[in-house]
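2 protein chains.
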Amino acid sequence: MNAEYFLDRGKELVRLLKSRKVHSFLSKNPSLIFHLTGLHETPGYLLVLNGEVRFVTDRRFQKEAAEIKHFISSDIFTNSIVTYLKPLRKEFKQPAIEYGRVTHAEYLSLSESLKCTFTDAGDAVNQFLSVTDGLQLDSFIRAADVTSELFNYCKKVFDENLAITEKELAYELQSILVRNAAQKYSFEPIIAADENSAKPHHTPSDRNIQDCKVLLVDLGVIYSGICSDVTRTYIRNHPKAGRIEKIVHNGFKRVLGKVNAGVKVSELAQMWKAELEKVNMTHNFTHALGHGLGYEVHQIPRISEYSKETLKENQIITLEPALYFENEFGYRYECDILVTKDSGINLTVF
Amino acid sequence: MNAEYFLDRGKELVRLLKSRKVHSFLSKNPSLIFHLTGLHETPGYLLVLNGEVRFVTDRRFQKEAAEIKHFISSDIFTNSIVTYLKPLRKEFKQPAIEYGRVTHAEYLSLSESLKCTFTDAGDAVNQFLSVTDGLQLDSFIRAADVTSELFNYCKKVFDENLAITEKELAYELQSILVRNAAQKYSFEPIIAADENSAKPHHTPSDRNIQDCKVLLVDLGVIYSGICSDVTRTYIRNHPKAGRIEKIVHNGFKRVLGKVNAGVKVSELAQMWKAELEKVNMTHNFTHALGHGLGYEVHQIPRISEYSKETLKENQIITLEPALYFENEFGYRYECDILVTKDSGINLTVF
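Going line by line, the protein sequences match chains A and B.
Note that this note's numbering numbers the first sequence so that position 199 is 199, with each residue one more than the last.
Note that this note's numbering numbers the second sequence so that position 68 is 68, with each residue one more than the last.
This is chain A alone, in the form it adopts within the complex:
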C-alpha cells in the first residue's frame, strides 16, 4: 500500500532530525516535498513542528494540498510563509533549514522576520533522501526500462549507420521517451561522435554521426520523479578504442565487485585509479567515478578518492569509469547500481 510508504517516510524524517537535535524544520526542497506528500511540481513548504510534518502552500494549490492522504496535514498561507510562521514562532525549538537549498535572500528574510538562528539540516536531509525504499525502486526499474528502449534505438542507429545528426538523434530519442510516458530527460543528453566524445559534457551538435567510429551517448530519464543516468559508447573499426573499451569494462567489473553496504566510496575510486596507473592513463580520467541517484541525478554520495562517505544499503549509485583522449575520442561506461548488504546489483544491464 502506497500510503504506508508515505507514513514511514514522515516518521523517519522526524526521527532522523530529532537524532540530530533538530526539533523544528522548514524546507521548500521539491524532492523532499514529493517524497513526503506525493505532490509533484507543487511549490510550498514542509514544516516539522512538535514531532509532526505539515505541508504549507498558497491558495493556488489548496486543492492539491487538501488531497494529501498520506497522514501529513496541510495548510494554506494567504500572504507569505513568513507571516504564516510568525504566530508559531514560540514553538520553534532548535530550528533548522537546508543552507544549500535556500537562497541567501530567503535566509535573510526568514531569520530577520522570525528573529531566529537556523542551523543547517542539509546533511541530514541529503542522507535521508539518498536511501531508496520499495516505491522508489519500482519507479527506478521503470526508468531503467525506458532508458534501455532509448539505448536500443541508439544501437540500431549506429549499427545501421544512419545519416542523422547528434541533435536530431536527441530529438528522436525524446519522442520515444514521451511515448513511453517517462516525464522527461533527467538532464540534457550527451550525444557525441568521434572527437566530440573526448569532451565529457559535449552538447549535441549539427554534426552528422554517419560513418563515425565512436559514438558516446549519456542520458537519463525521470519516471515518477526518479532519475536514471546511463552511458554507452559504441565503436567500430577503431583498434585503440577497442583496447580502451577493455580497460574501462575490466575496471568497471573490478569496482562493481567491491560494492556493498559499508564500503568506503574512496576505496572504489582508488581501485579504479590503480587500474589507470597500471596502464599509465591517470590523466585521461577527469571526473568522479560516480554519484548517488534518486530524485536528483547528482546526489550524495560523490564517488571520489577525496570523499569520506561509506555506501549504505539501498542507495542507488552510478559507476562511470571512462578514458578521454583529446581531439581523438572518449570511452565511458556508466551503469546504475543498487547497493545491497553484500553486493552491488547492476540495474542497467542492457
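There may be inaccurate statements among the hints.
The list treats identical chains as interchangeable, and a pair is accepted whether it falls inside one copy or across any two copies.
[Said to hold, decoys possible] Keeping only pairs whose Cα atoms sit at most 16 Å apart, straight-line, the calculated EDC-like set for lysine to aspartate or glutamate is:
no., residue 1, residue 2
1, 184, 172
2, 240, 195
3, 155, 172
4, 63, 195
5, 18, 120
6, 199, 41
7, 341, 133
Since the hints were made in silico from the structure, they are not lab data.
We have chain A already, so just place chain B on it with the hints.
Quick look at chain B alone, frame taken from chain A:
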C-alpha cells in the same frame, strides 16, 4: 552580426553595475551566463573585475570556454571558485553577488573564505535581463511560432472531439515541440478539461477530454533560451463560459490598450480589477495579471496592483486575465506582449 550583441551586453552590464557603485561582481546565474557568452547549460561563473567581464569554469568545460568569441575572456579554475578568487581578493572593490541566486551555503563559503562583505546586485541583474534586444526578439518570435503550432493541434483535437486524455495530449504536443526544434517546454504544461480548468495550476491527468465543454491549455516553449507562455481556453455549448469568455477578452483588450513604456504595472492590474468589480467577480481571479518573460518564464515585472514597477521599452510581458468557478470551470486568456514606447504588441495572435 551576433557578436556585436554580445559585446554590447557585456558593456551594458559593466555600465549598469558601475552606476550602482558595484565595481566587482560574481554570478553563476545561468541566464546571465547565456546572455553574455552564448554558452548554454555550461556551469561556471561570470566575474566582473576592473571593468572587464570574464567567464570562469572548471576543466570539464575548457573547450567550450575557449570557444567564446564574444569579447569576453575566459579562464579555468582547477580546484574551486574560492581558491581561484583568493589571489584576486585585493582587486575586489565594493563586490556584489545576487542574494537571490546563491544559496546561503554558498554565501557563507564565499564571504568567509574571501573575508568579503558582498552587497546584493540582484535587482540590477533582474532589470538588465528584463529588457530584450533584437537577438532575443528573433528567438522569441520563433518560440511564438512553435507555440502557435502546438495550439493549432489543441484546437484540432478539441474541434474534432477526439478521445484523448489530458496527459496524452501533453505527450502529443511534446512530440510536435521536439520536431520543431524548440528545446523543450518552458514549464510543465497545464491541460485541464471542464472542472479541472477551475484549478489555475492543474497537472495533466488521465481524464479523457472527449465531450468536455471547456478545455484550458497553458503552455510555453523555450527557443534558443527564450521562453513563451500562452493560454487558450476552448469552449462549446456552455452559455456561462460563453459569457465569461466575453468578460475576459474585453478586459484583455482594455488592458492591452493601456500598455506602453512608462505605464505603472499597478495601473494595468487596477484596470482589470475594475472590470471584475463591474460584474462582481473579484474573488474569481486568484493570481497576478501577468509577468515578465525572457530567459525565465517568470521574471520581473510582476503585474499586480501591489507592484511598484513601470513598464520599460522592449520588455516582453504576459497578460493573463482569467476567471475561475470552483468545481465548474475556469477561463484564462494569456498572450505575450512586446512593450514599445507607445503601445503593446501582441506577439501571440493565434
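Checked hints:
Taking CA atoms no more than 16 Å apart as the test, residue 184 paired with residue 172 passes in both settings, with 13 Å inside one copy and 13 Å between copies. With identical chains, the CA atoms of residue 240 and residue 195 are at most 16 Å apart within one copy only, with a shortest distance of 13 Å there and 62 Å across copies. Taking the shortest alpha-carbon separations for residue 155 and residue 172, only the intra-copy value of 13 Å comes in at or below 16 Å, while the best inter-copy value is 25 Å. Proximity of residue 63 and residue 195 under a CA criterion of 16 Å is satisfied inter-copy only: 12 Å between copies versus 52 Å inside one chain copy.
With identical chains, the CA atoms of residue 18 and residue 120 are at most 16 Å apart within one copy only, with a shortest distance of 13 Å there and 35 Å across copies. With identical chains, the CA atoms of residue 199 and residue 41 are at most 16 Å apart between copies only, with a shortest distance of 14 Å across copies and 33 Å within one. Taking the shortest Cα distances, residue 341 and residue 133 sit within 16 Å of each other inside one copy (14 Å), while across copies they are farther apart (57 Å).
Against the hints set out earlier in the document, no violation occurs for any number.
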